[in-house]
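A.B. asks: Here's the letter readout for the chains.
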Amino acid sequence: VADTILQPRLALMGEITAHALRIAPVHGLRWSAIHVRRGGQGILAERLQAGFGLAVPQGPAVTLAGPASLIWIGAERLNLVQEAASTVDVATTVGDAGDVTDLTSGQVTVELAGATAQAVLRKLVAIDLHPRAFGPGSAATTLCGHFGVTLWQTDTQPSFRLATHRSYAQALWHSLEDAARGF
Amino acid sequence: MAQGFRLPSGGRIDRAQALSFSFDGRSYRGHPGDTLASALLANGVRLMGRSFKYHRPRGVWGAGSEEPNALVELRTGARQEPNTRATVIELHEGLAARSQNRWPSLRFDLMAVNSLVTPMLAAGFYYKTFMWPASFWEKLYEPMIRRAAGLGRAAREADPDRYERSHLFCDVLVIGAGPTGLMAALTAGRTGARVVLIDEDAEPGGRLLSERTEIDGAPAMQWTASVLDELRAMPDVTILPRTTLFGVFDHGVYGAIERVADHLPTPPADCVRQRYWRIIARRSVLAAGAIERPIAFGGNDRPGVMAASAVRSYVNRWAVTPGRRAVLFTAGDDGWRTLDDLHAAGVQVAAVIDARRAVPDGLAARARTAGAQLVAGGAVRGTQGGSVIRSVEAMDDAGRSVVFPADLLAVSGGWNPTVALTCHQGGRPVWNRDKLAFVPGTPPNGMAVAGAANGAFGLHECLQEGAQQGLAAADAAGFPGQLPVLPRAEDEPSAVTALFHISGSRGKAFVDFQHDVAASDIALAEREGYRSVEHTKRYTTLGMATDQGKTANVVGLAILAERTGRTIEETGTTMFRPPYTPVAVGALVGAHTGMEMRPTRYTPTHDWSAANGASFVETGAWQRAQWYCRPGEAGWRDSVDREVLTVRQAVGFCDVSTLGKIEVVGPDAAALLDFVYTNTMSALAVGRMRYGLMLREDGFVLDDGTCARLAADRFMLTTTTANAARVLQHMEFCHQVLRPELDVGLLSVTDRWAQVAIAGPKSRQVVQALLDMPDAATDAALPFMAHAAPTVCGGVEARLYRVSFSGELAYELAVPADYGSALMQAIAERGEPFGIAAYGTEALGVLRIEKGHPAGNELNGQTTARDLAMTGLLAKRKDYVGRALQGRPALVDPARPVLVGIRPVERGAALRGGAHFLAPGAAAAIGNDLGHVTSVAFSPSLGHMIGLGLLADGKARIGSVVRAYDPVRNGDTEVEVCSPSFIDPEGARLRG
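Order-wise, the sequence lines are chains D and G. The working numbering puts the first residue of the first sequence at 1, with every later residue one more than the last. The working numbering puts the first residue of the second sequence at 1001, with every later residue one more than the last.
Some hints here could point you the wrong way.
As the list claims (entries may be wrong) - Here chain G is said to cover these stretches of chain D; the calculated rule only asks that three of the stretch's residues, wherever they fall, bring their Cβ under 8 Å from a Cβ of chain G:
| hint | stretch |
| --- | --- |
| 1 | 93 to 104 |
| 2 | 162 to 173 |
Stated by the list, open to error - What the simulated footprint calls covered on chain D by chain G, stretch by stretch (three residues with Cβ under 8 Å from a Cβ of chain G suffice, anywhere in the stretch; the number is not a length):
| hint | stretch |
| --- | --- |
| 3 | 8 to 15 |
| 4 | 121 to 131 |
Honestly, the hints are just simulated from the structure, not real lab data. Positions of the beta carbon are idealized from the N, C-alpha and C atoms, including for glycine.
Use the sequences and the hints to build the structure in full.
C.D. replies: If you want it as structure tokens, here you go:
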């Protein structure tokens, strides 16, 4: 890969800051979709635990273990998100317990951190973000205005991550700029 | 001008600050805390508008959002807003308002001649007048009615302000921040529940803002302030003033509009004008209070006739006396409070006319103290005056007429609980005989009603019900608590007698002020046979104005009940629907205006195309390169013709990333594909791909595309750009509903790949120049309809499909999306020695029409595989979605139009899409229609226009001539019917 002549072009650059809020793209994430095979749930859970230290979330939630996160998307669907420090190969780890599809570079991810993040997010998603209802480890696959997103919370600062399809990157960024106005 | 009607002290206004404002071009002054109505009254302005039908002079009736009369045009220019209620417009510096529905001026309105022809404008006027002849409707009646209808004028310019939408979740939503709502919110808040308290007023307090009431032995607003302090200190309580709850929807969803900046001259930078709150609440407490109802007597619409409670509001809250000499007309105890407050404010009250013969002694004593003449068992039968009343004509209990000079008539007909929101889920209010009011029937699920909205009119009752319902709501939401010690307050006397309409009135007695419906209109409707309230409402337009008859309905149906000899229970009531008060569409739309109406999707090669002369076109949500203009090209045709010829003669490349891409994985992937595709995908070898066709269940074509087998249990599908989401949805439906036993996963990977078509006789050389292992693209290694996963340009992972949409030797090369623009640049550079050119969607379209490939215009939801000559793709030995219904007789009728090619007989003639086929010499009648032209293009390869069309008996007509008839654009062109495949019908080039 080192001698490639192609330079990747990131879908999102920049930063939005406001009172008690910083919004910035998260680069370098590797996304894998895992289709959980029927009857393979148990083995898959063991393998993901062994390979990544990640428990399989039950229902709309995320498990976080260092540089890897496992997001529940649906009954037979998980998304595994790895930062650069996570070098374990997902397909090898999952083996015949599921089907892994690489989604890297098809997804864009932004992070919203700070006390104002909830006030901005509630303009975009119809999800209850009150600490009683949503906290670190909570995840939602939902609509942001008119396009689909995956939202999850990583810490109590609070920090949220919001991911969507790459072609909606500008639409997402514009929505965030708009929602952050006035803070 | 001095504020001649402003009391020297009191009121919740900031006298230290003066605000200047204008009404109809004249300047006035008011204070912060004023509404436009209170400030106008303070300046002695009583005439504020003209009525809808008769252009009668109107002043202000009430002091709240139910105001039917004082409607004005607010602001100027792009921010001009019609029909705003002066009673709820908060005064600000420089506010400009105008009266409406008058010409040439408010005082002298020529349209007031309508009053002289009142018999013509009575109930059912439109129905009776504009029925015949029918042909007049469109040209004469409708334009005439439209010109006369409506009150104010909307701005002509685009709205310059921002609006937004936001979401709130809570355990208990309290609607209304009067004593009931405050008590409910406090009780619920103390349990730890998440509470949202909303109120349409700028200041919480409800009626307490307007009454000289005491709570715990001190002025009630002291208690209000302490409750608000406690609520504001609770972290999980949200208080939203200036917010109107306008609708109650399913599943605990409530809609509210917060007027964030309406009270400011212009919204500050970064501030929205209004915010639409979508509130999701486990429970709600409706504490919306009550609205005082008018009494229908002659001249009850004249400026100076006001709700008795509104008079108290102006006196107590805004320190304004709406007149110098008043008469009070009341049906019960509550109106008497107005006597006391006017007297305390130093306004002379000439008379109190109480409809009851037996007036309690205590009240009679109050009349004596105030120096007012008491007329017990009396009624007002008329008013005199011009733009404001001069005198009130009353009858005593013996029917004798007494005239009182007065410029203010306060009217109290009893109270209507504000039940509107309880009707939004179908609940019908029920008549309470004791309270003489409609109280909530079955409120929406999760809602409880408390206080005056529930018919509890006493202050103590309100506080008690508020506490009880606040506690019950919190408890039901999982937050048990305790009833607080109730603050000390009294239930004021609220006895009332039923009084709706004064028979023997002098002049028109209005029921619906905003729609100019009089008691006589309801009587007329009854004479014409109307008995149902719903029919009477529509016939007379009672309660159909923007206020939905908040003041009018009960009086109107009481008159109907009386006329039809029924009780009010038997007569029933009409309902209210959302919105409670008018809502600006802009507030609902929020940020989604203009180009933001829907999100725009950008391809991963967009930047490269933008830098290389592309014009873009919207294809669904996508922006796609339409053509690439080069220096010297005068118009789009130059570019498109060059691009097409380059593909046919050398090589071109085009972004196809927008095609839907779906990965189908799992042990049963092939089984699901066999079910959704008409052809058999389970027979496909790994490393190969084929063209696939999907039908809807009704047998019509859903979409076409390619299907590549990546592994035994993994396929990659493509769909058309337009149908990407629909196909995935269809496949999910087929999987989850029809074949749930299959172990298969579906995943959209459209955004994951930048995919580029490289097409033309020299395409292989270009592809090989990109591949790290050029041999992977030899004809032997990668024959037609094969695919591979090579690396390109030094190790970038790629997928290479040998597939063609243009009819030429062609490939589609996909790389991770982040490399899209870099790949385009690499193709342009490495293809340069071969004469490569980028091409856009226009050339793509020309190429596919030349090749006869159906696309969106042919896959239009009305065509079958047979129509499109795709029967070869229909497997015979398996079941698939749409198989049975495509065989319906009408769909296999030989005369059914099928796909053909056409070319003009005179080669230079133009063809147009949408033209209909007619046999030569046939009359242009629908019975002679033979089908239509679906797609046309200028073929630079052939040097003339070509087209595709759906033609009856199409196959049999190949070689014959028909007409392409286009009456819309005066086209009537003879065309030759031919095979749709204009270029290389044998397909030799594909395999080159």
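A.B. asks: Look at each hint and say if it fits the structure.
C.D. replies: To see whether the hints hold, each was checked on the structure:
no., hint, result
1, 93 to 104, "holds (count 5)"
2, 162 to 173, "holds (count 7)"
3, 8 to 15, "holds (count 4)"
4, 121 to 131, "holds (count 7)"
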